[in-house]
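Please take these sequences and the hints and turn them into a complete structure.
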Amino acid sequence: MPLGTLDRNPPPFFKQGPSSLSKLMVFSALAVFLMVADTRFRVGQPVRAVVATVLYPVQWLAMRPVFLFRYGGQYFESLASAQSSEAAARAKLALQSQRANQVEQLALENERLRKLLALRERVTVPGDAAEVLYDAADPYTRKVIIDKGLAQGIEPGSPVIDESGVLGQVTRVHPLISEVTLVTDREHAIPVLNVRTGARSVAYGDPAATGFLELRFMAANADVQPGDLLTTSGVDGVYPPGLPVARVNKVERRADAGFARITCSPQALVDGARHVMVLKAGAANLPPRATAEDAAPLKKGARPLR
Amino acid sequence: MIMRPGQQLLLPANPFFIWGSLLLALVVNLLPLGRVPWMPDVMALVLVFWSVHQPLRVGIGAAFVFGLAMDVHQTALLGQHALAYTALSFFAITIHRRLLWFSVPSQAVQVLPLFVAAHAIELAVRMLAGGIFPGFSALLAPLIEALLWPVVSVALLAPQRRAPDPDANRPL
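Protein chains in written order, with our numbering: chain A, 881 to 1186; chain B, 962 to 1133.
By construction, these hints were calculated from the structure, which means they are not laboratory data. Since the model is a prediction, treat every value here as computed from it, not as a measurement. Please note: incorrect hints may appear among the correct ones.
One-sided excerpt, in silico: chain A residues whose CB lies under 10 Å from chain B [as the list claims (entries may be wrong)]:
{"hint": "1", "residue": "901"}
{"hint": "2", "residue": "1017"}
{"hint": "3", "residue": "1030"}
With the Cβ distance kept under 8 Å, some of the chain B side facing chain A (calculated, not the full set) [to be verified]:
{"hint": "4", "residue": "983"}
{"hint": "5", "residue": "987"}
{"hint": "6", "residue": "993"}
{"hint": "7", "residue": "1022"}
Cβ coordinates follow ideal geometry from the N, Cα and C atoms, glycine included.
Set out below in structure tokens:
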């Protein structure tokens, strides 16, 4: 056997480098620092952007086999099914064209009436179409990744909708992709309006991760019924008003608590949306919000907010 | 040279193969398969394997960098996987002299606590940072990783088990 074919080299005596314990100390301190920086000081974003850009080719590579498996079947659909779906789409289009023609006229009429009433014209919010690449694998949050990023002009905080309702909000923007926090995420809150009663409230994501939303702090005798539609109220200045968010599922009125326990199911396809629309953030044109300094005079030694 | 009786002499490990297998494990981890709490962490498995077999080449620094990549991909807390992988690699290097004296199935039993510790670190960090509890199926992940240990041992040691002098009878 020739020399040098064995793997059992004796370990080097002198060139050992730092001990593994000291390396553990250094790297775990760095990791803890990154965590604190990410959650408290919001300075992790540049690190994330750099790593995300370096990682993007690997992610792209990893997406190929899964997408081939998921959407590859569409290429082998029979001609008959394609033709039947086209015929159905044409029939639907014919049905809708009549309404679409009416919409123009109604919009014009509405605009004039609103001017008559001296109401502010409802702003049409510009938006970008995007495609959902995949669900983020992190089991502790509810996020999806879309295929538009800083390069396409996506801004953090933009509302994201799909064809049936509000899907969530853009929370992080990388150069080529963005992260969207879904409405069912625990940390997500959205101001809503009950269409039936006109009552405003806030819908929170459910901490129990059941895929529902929760209307918190509604009085036990509040007028909420199963089946009520909740839409965005627009008071936050982020979401344009009138987008459907959720439908009330179940109302539990408990005798021992002051608040009712109201669960709602999201209207958007939070688990299966593929094509989404990213709306412009803050396009609702609210008047500028009063700053903290105006609200309360600063105490001596207190730090100003932001 | 002190070795376990009956252990095969191995060829030197190819550095390209080591880093290639680590990259492949990263690609496997990046597969967009959705949000599955019991999904085994192949990256952690391969990192532990190379930390045990080649502690001078793959160590804590590499584990930290790969952990950072996983954090950014999963949109997790920045540093969560980095901390777990760093600890994992440290424990693997700590036990690497002892572990190779055992047969492969008993090695799997001995690396199970490592994977449990790594997942426990991630869970603790995320619960402190206010995340959703992923459910009890997440307990399966370290178990599956330990069960995959023999598979990985066979697959990643195969290039080192080739014949040192290939001939017509042993072409590989």
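A quick look at each hint next to the structure:
no. : hint : in the structure
1   : 901  : 7 Å, holds
2   : 1017 : 5 Å, holds
3   : 1030 : 15 Å, violated
4   : 983  : 12 Å, violated
5   : 987  : 6 Å, holds
6   : 993  : 3 Å, holds
7   : 1022 : 7 Å, holds
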